[in-house]
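2 protein chains.
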Amino acid sequence: MSNRIALDEGVAAAIEGLGGERPGHVFFVACGGSFSIMHPAKFMLDQHSSLASDLYNAAEFTSRAPRTLDARSLVILCSMTGTTKETTAAAEFARSRGARTIGMTVEAGSPLARACDHVVAFEAPYTTGVPIDAANSNYARIYQIVTELVRLFDGEDLTDRLLASLGSLQEAIDRADRSFAPLFDDYASRFASQDVVYTVASGASYGAAYSFAICVLMEMQWINSQAIHANEFFHGPFEVLDEERCFILLKGMDSTRALEERADTFLHRFGKQENILVLDAKTLDLEGIDPLFAGNLVPLIFFDTLWRFAHRIADLRQHEMLTARRYMKKIEY
Amino acid sequence: MSNRIALDEGVAAAIEGLGGERPGHVFFVACGGSFSIMHPAKFMLDQHSSLASDLYNAAEFTSRAPRTLDARSLVILCSMTGTTKETTAAAEFARSRGARTIGMTVEAGSPLARACDHVVAFEAPYTTGVPIDAANSNYARIYQIVTELVRLFDGEDLTDRLLASLGSLQEAIDRADRSFAPLFDDYASRFASQDVVYTVASGASYGAAYSFAICVLMEMQWINSQAIHANEFFHGPFEVLDEERCFILLKGMDSTRALEERADTFLHRFGKQENILVLDAKTLDLEGIDPLFAGNLVPLIFFDTLWRFAHRIADLRQHEMLTARRYMKKIEY
Numbered sequence: 000m001s002n003r004i005a006l007d008e009g010v011a012a013a014i015e016g017l018g019g020e021r022p023g024h025v026f027f028v029a030c031g032g033s034f035s036i037m038h039p040a041k042f043m044l045d046q047h048s049s050l051a052s053d054l055y056n057a058a059e060f061t062s063r064a065p066r067t068l069d070a071r072s073l074v075i076l077c078s079m080t081g082t083t084k085e086t087t088a089a090a091e092f093a094r095s096r097g098a099r100t101i102g103m104t105v106e107a108g109s110p111l112a113r114a115c116d117h118v119v120a121f122e123a124p125y126t127t128g129v130p131i132d133a134a135n136s137n138y139a140r141i142y143q144i145v146t147e148l149v150r151l152f153d154g155e156d157l158t159d160r161l162l163a164s165l166g167s168l169q170e171a172i173d174r175a176d177r178s179f180a181p182l183f184d185d186y187a188s189r190f191a192s193q194d195v196v197y198t199v200a201s202g203a204s205y206g207a208a209y210s211f212a213i214c215v216l217m218e219m220q221w222i223n224s225q226a227i228h229a230n231e232f233f234h235g236p237f238e239v240l241d242e243e244r245c246f247i248l249l250k251g252m253d254s255t256r257a258l259e260e261r262a263d264t265f266l267h268r269f270g271k272q273e274n275i276l277v278l279d280a281k282t283l284d285l286e287g288i289d290p291l292f293a294g295n296l297v298p299l300i301f302f303d304t305l306w307r308f309a310h311r312i313a314d315l316r317q318h319e320m321l322t323a324r325r326y327m328k329k330i331e332y
Numbered sequence: 000m001s002n003r004i005a006l007d008e009g010v011a012a013a014i015e016g017l018g019g020e021r022p023g024h025v026f027f028v029a030c031g032g033s034f035s036i037m038h039p040a041k042f043m044l045d046q047h048s049s050l051a052s053d054l055y056n057a058a059e060f061t062s063r064a065p066r067t068l069d070a071r072s073l074v075i076l077c078s079m080t081g082t083t084k085e086t087t088a089a090a091e092f093a094r095s096r097g098a099r100t101i102g103m104t105v106e107a108g109s110p111l112a113r114a115c116d117h118v119v120a121f122e123a124p125y126t127t128g129v130p131i132d133a134a135n136s137n138y139a140r141i142y143q144i145v146t147e148l149v150r151l152f153d154g155e156d157l158t159d160r161l162l163a164s165l166g167s168l169q170e171a172i173d174r175a176d177r178s179f180a181p182l183f184d185d186y187a188s189r190f191a192s193q194d195v196v197y198t199v200a201s202g203a204s205y206g207a208a209y210s211f212a213i214c215v216l217m218e219m220q221w222i223n224s225q226a227i228h229a230n231e232f233f234h235g236p237f238e239v240l241d242e243e244r245c246f247i248l249l250k251g252m253d254s255t256r257a258l259e260e261r262a263d264t265f266l267h268r269f270g271k272q273e274n275i276l277v278l279d280a281k282t283l284d285l286e287g288i289d290p291l292f293a294g295n296l297v298p299l300i301f302f303d304t305l306w307r308f309a310h311r312i313a314d315l316r317q318h319e320m321l322t323a324r325r326y327m328k329k330i331e332y
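Protein sequence lines correspond, in order, to chains A and B. As numbered in numbering that gives the first Met the number 0, residues 0 to 332 make up the first sequence, in order. As numbered in numbering that gives the first Met the number 0, residues 0 to 332 make up the second sequence, in order.
One should not assume that every hint holds.
Just so you know, same-sequence chains aren't split out, so a pair can sit in one copy or run between any two.
[Unchecked claim] With a cut-off of at most 25 Å between alpha-carbon atoms, the simulated SDA-like pairs for lysine to any residue come out as follows:
| id | residue 1 | residue 2 |
| --- | --- | --- |
| 1 | Lys271 | Ala180 |
| 2 | Lys84 | Ser95 |
| 3 | Lys328 | Gln272 |
| 4 | Lys271 | Trp221 |
| 5 | Lys329 | Ala180 |
| 6 | Lys329 | Asp263 |
Everything labelled a hint here was simulated from the structure, so no lab data went into it.
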């Protein structure tokens, strides 16, 4: 009675396309929200593979032009719409160096898709407004790419366990949304009135903290923010903490959890309980998710459920999430 | 009449200690301000070497435990006082995996120095209060490590050109301090009254933007901040820009300069000139600095001169730079 999903066909074809040839280097390349998923992807690769990798904002990647980029490189890019110019340019640059490229996008006919050797399609709610199954999200696809790389080049087959876990993910997310709802009801009104809200995380969860800070708080709500790494917090940023300052802390299940726990203790020692919103993955029912992948998958739960918190804030601020923009897609730049 | 300095003895010994054996992977590991120099170090290595590398906050490194870390790895760590516990623990962790470690610190007898195979000493004004020559700074030392790695393992000898440039660096810094002084006089009063100030940069300058945001603005002045990557800026963060918001933009001389120029155009289009402080390296007299290394060395100029700006802000805020702390080194945590 497993909920195991099938390996994505796009992932299977992209991996097949490597022809068994071990990449000399893996690059994770994207911008903004799509860049945020490269953090957990690299985290998973780092822990399970001896493949060397880097993650770069797409324009940084192209203009930096790292010497490790060559014909033996594998470059994995992502853009939801496939129209992010910097990411398409990065794919073209990578191909000009002879590297193999995998483009992740919702739109199969998009510029990014056309610029890459292989396309891995995923789903995102923006196209239809209809909620998706997280098993079809960008995270779920890139994790499949990672475990397939591990299977081929590190001799450990984790893909089955990942696919089984992905089949149980959406239900875990739905349960989390329900269990966090009272917390969000409690915290939304205070956070909605803030000019500054920080997010804090480490390890596999850092990407979710980053996307919430830059894409949701800054872009969609015009609230000042920074995604603070849970240990970097103690080397400067913590001095802005007082009883008024609001923080969102993600406590995940990966091997860096102790860093987030230390930040939690400090935030509660000098901050006010009511201004420190903690999402603790240990409170969640993760039935069906393999403990091996819990650390990698809870960031999807954080990401999804934080959107619900954001919608509550947006309603209170009367600042519409998806259309209130000064610049993005409103003007040419 | 060259100002060429000598190769640092600690660097020479550490490189000699490699015995000509090519590292399988290089790790740059530190926390906070010392972590900030790892960005430009990796940038230089990326552009001149085919050695693969990663940079990690020290606690992230230890708890992530990347599989690429093994007996063939070279781990370069830095802590000014050498007492940063996470960094010493990272050195011990690296050695337990058989990796070779180089510890950069001001204090030769410090815990970090004792935990590493090789020690590279540098100077920082904190010990004596007396200004140092930038040729003896942490940046200058780590760049020498990088060019020596390039010489040994990529067959290109850049060390002489770097050493010649480092000999001219302090004079360039002194000239920059003088040339930026009127700009700082103009901007200090507006920035001193802000609750939020962002820094923006890319490439080799990102580390300087990061340290100014987290160590100076947040830690020393309790001003909310984030170091925004100049291209990531366009993928979310730019929505917080309005005519009131204050930004510091670093326009360097490295290959990512176009990203910073694009941010500059946008910041001036929708922000107010008087709230956008731009440090443009192209306005500087860089006599004696090899154009090959200008992009790598202007971040030291930015870093030094921004301290002067910070002191002006601190005076206006009556918030003492080096002692006004809530937590750091005031309490146990």
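Comparing the hints with the structure gives:
no. : hint               : in the structure
1   : Lys271 with Ala180 : within (20 Å within a copy, 41 Å between copies)
2   : Lys84 with Ser95   : within (16 Å within a copy, 45 Å between copies)
3   : Lys328 with Gln272 : between (38 Å within a copy, 24 Å between copies)
4   : Lys271 with Trp221 : both (23 Å within a copy, 18 Å between copies)
5   : Lys329 with Ala180 : neither (33 Å within a copy, 38 Å between copies)
6   : Lys329 with Asp263 : between (39 Å within a copy, 19 Å between copies)
Checked against the numbered hints given earlier, this structure breaks only hint 5.
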